[in-house]
Amino acid sequence: MHGKRWNLVSVLILFAGAIWIWTSSAPAASSSEEIEAPRVGFRAPDFSLPLADGSANVTLSELRGQPVLINFWATWCSPCRAEMPAIQKMYDEYQGRGFIVLGINSASGDAREDILAFIQEYQLSFPILVDGNDQVFQQYQVRGLPTSIFVDADGKIQDIVVGGPMSEALLRVRIENLTSGEVR
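Per the numbering used here, residue 26 is the first one in the sequence shown, and the count goes up by one each step.
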């Protein structure tokens, strides 16, 4: 009986050792397979998402030539709620200069009805997009809400702001830089 138990323990140890050797010798993912977080000075990753009302899709690359604020938010996020009036005001003020705001909401955290109610409550007129499977949240490696990414007319990221709420003054400075063509 003692011999059978010893044989079983020996087999389990050998099996565990073989698995450890196999997994530790597996080649690491090449850098081309790794997803890098978007960074200032680099092109903003492209995406296409549906509007909250489902009427159409918006694709970032189709907005080349226009400065864009990408704002990741959620209805339950207090700082997101606090900064929305300032974002809407800046959109109203600067859209005549080609400035676009894309609000991106994660459908995994909010029901579509809640998103639509939020749009009405805050009278948002800029495009609100729904990231149904969080693909764009992952692509942009959003780690906190709100996250705002300022993209110039050439499609390059000029600034990233994590957290909030952003004030009108902070928004104005960043939007002025984008719409005037100044690069930080």
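One thing to keep in mind: the hints can contain errors.
[What the hints assert, rightly or not] The following label-pair restraints were derived from C-beta to C-beta distances:
(1) 187 - 133: 13 to 21 angstroms
(2) 192 - 86: 24 to 32 angstroms
(3) 87 - 122: 13 to 21 angstroms
To be clear, the hints were calculated from the coordinates, so they are not data collected in a lab.
Backbone N, C-alpha and C fix where the C-beta goes; we use that ideal spot for every residue, glycine too.
Results of checking the hints against the structure:
no., hint, in the structure
1, 187 - 133: 13 to 21 angstroms, "holds (19 angstroms)"
2, 192 - 86: 24 to 32 angstroms, "holds (30 angstroms)"
3, 87 - 122: 13 to 21 angstroms, "holds (18 angstroms)"
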